[in-house]
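Read off the chains here:
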Amino acid sequence: GQQLNQSPQSMFIQEGEDVSMNCTSSSIFNTWLWYKQDPGEGPVLLIALYKAGELTSNGRLTAQFGITRKDSFLNISASIPSDVGIYFCAGRPGAGSYQLTFGKGTKLSVIP
Amino acid sequence: GAVVSQHPSWVICKSGTSVKIECRSLDFQATTMFWYRQFPKQSLMLMATSNEGSKATYEQGVEKDKFLINHASLTLSTLTVTSAHPEDSSFYICSAGPSNPNIQYFGAGTRLSVL
Numbered sequence: 081g082q083q084l085n086q087s088p089q090s091m092f093i094q095e096g097e098d099v100s101m102n103c104t105s106s107s108i109f110n111t112w113l114w115y116k117q118d119p120g121e122g123p124v125l126l127i128a129l130y131k132a133g134e135l136t137s138n139g140r141l142t143a144q145f146g147i148t149r150k151d152s153f154l155n156i157s158a159s160i161p162s163d164v165g166i167y168f169c170a171g172r173p174g175a176g177s178y179q180l181t182f183g184k185g186t187k188l189s190v191i192p
Numbered sequence: 003g004a005v006v007s008q009h010p011s012w013v014i015c016k017s018g019t020s021v022k023i024e025c026r027s028l029d030f031q032a033t034t035m036f037w038y039r040q041f042p043k044q045s046l047m048l049m050a051t052s053n054e055g056s057k058a059t060y061e062q063g064v065e066k067d068k069f070l071i072n073h074a075s076l077t078l079s080t081l082t083v084t085s086a087h088p089e090d091s092s093f094y095i096c097s098a099g100p101s102n103p104n105i106q107y108f109g110a111g112t113r114l115s116v117l
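One line per chain: the protein sequences are A and B, in this order.
Counting with the working numbering, you get residues 81 to 192 for the letters of the first sequence.
Counting with the working numbering, you get residues 3 to 117 for the letters of the second sequence.
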């Protein structure tokens with residue numbers, strides 16, 4: 081089956097620093113989604129990407145849909161303590177299926 | 003964004019009993035909903051796809067007789083964990099989304115603890 085490789089697995093950064101994480105796939109996806117999950121909560125959608133090459137921002141967050149359709153990255157600029165959490169990428173392969181494949185997550189810790 | 007409500011958020015039950023978890027789409031209709039299971043420090047694992055008006059589609063290794071799914075309306079899907087055992091203790095999360103755009107929103111999750 082399809083697999084998503086998400087890296088890094090965890091990050092410790094200083095408040096104010098920028099953060100970058102990415103996901104790569106063994107096959108093509110038509111939709112890339114980035115979620116954030118806080119402990120004991122469900123994932124919250126951050127950014128959705130629908131076209132190869134698309135670059136989308138949501139406040140301090142920026143994500144891009146790779147040209148090859150097999151990768152995506154998420155950047156967080158000027159990190160703050162509330163950015164702490166687990167970030168998941170998810171991809172949808174294409175028409176006819178709404179199922180998502182998830183990466184294993186990136187755990188972000190922000191040191192004040 | 004769209005709102006998905008999940009209830010209860012936390013449940014403790016005795017071994018051998020059944021537990022029902024509800025997932026509702028509050029501001030859109032969802033012909034398809036998804037049920038996930040998440041173990042501590044792990045990613046989400048898709049258990050089944052819930053289809054309104056028809057049988058759910060289960061992922062390999064998920065027992066359909068143990069995890070009963072009912073999707074009787076366009077805004078409600080239920081997951082019933084039957085004859086629960088301690089190994090069923092986990093975090094269960096549902097998701098749903100409008101077909102256009104095709105994205106999924108998640109419920110807040112249900113923490114199940116089986117004693």
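Treat the hints with care, as some may be off.
[To be verified] Here are some chain B residues the structure puts well away from chain A; computed CB gaps all over 10 Å:
1. Ser-45
2. Ser-101
3. Asn-104
[Claimed, not checked] In silico BS3-like cross-links for lysine-lysine, where the CA-CA straight-line distance does not exceed 25 Å:
4. B:Lys-16 - B:Lys-68
5. A:Lys-187 - B:Lys-16
6. B:Lys-43 - A:Lys-184
7. A:Lys-184 - A:Lys-150
8. B:Lys-57 - B:Lys-43
9. A:Lys-150 - A:Lys-187
These are computed hints drawn from the structure, not numbers from a lab.
The beta carbon of each residue, even a glycine, is placed where N, CA and C say it ideally should be.
Lys-187 (chain A) and Lys-16 (chain B) were given as a pair; does the straight-line alpha-carbon distance stay at or below 25 Å? violated (33 Å)
Please verify whether Lys-43 (chain B) and Lys-184 (chain A) have alpha carbons no more than 25 Å apart. Satisfied, since the Cα-Cα distance of roughly 9 Å is no more than 25 Å.
For the pair we were handed, Lys-184 (chain A) and Lys-150 (chain A), check the Cα-Cα distance against 25 Å. holds (16 Å)
Is the straight-line distance between the alpha-carbon of Lys-16 (chain B) and that of Lys-68 (chain B) 25 Å or less? holds (16 Å)
Compare the distance between the alpha carbons of Lys-150 (chain A) and Lys-187 (chain A) with 25 Å, and conclude whether the hinted pair is satisfied. holds (22 Å)
Beyond 10 Å from each Cβ of chain A, as asserted for Asn-104 (chain B): The assertion about Asn-104 (chain B) is violated, with a minimum of 6 Å to chain A.
Does Ser-101 (chain B) really sit off the interface, with its C-beta more than 10 Å from all C-beta atoms of chain A? Ser-101 (chain B) not clear of chain A: closest Cβ-Cβ about 8 Å, inside 10 Å.
Quick check for students: does the CB of Ser-45 (chain B) sit more than 10 Å from each CB in chain A? violated (5 Å)
Is the straight-line distance between the alpha-carbon of Lys-57 (chain B) and that of Lys-43 (chain B) 25 Å or less? At roughly 31 Å apart (the allowed maximum being 25 Å), Lys-43 (chain B) and Lys-57 (chain B) break the hint.
Hints 1, 2, 3, 5 and 8 from the earlier list are contradicted by this structure; the remaining hints agree with it.
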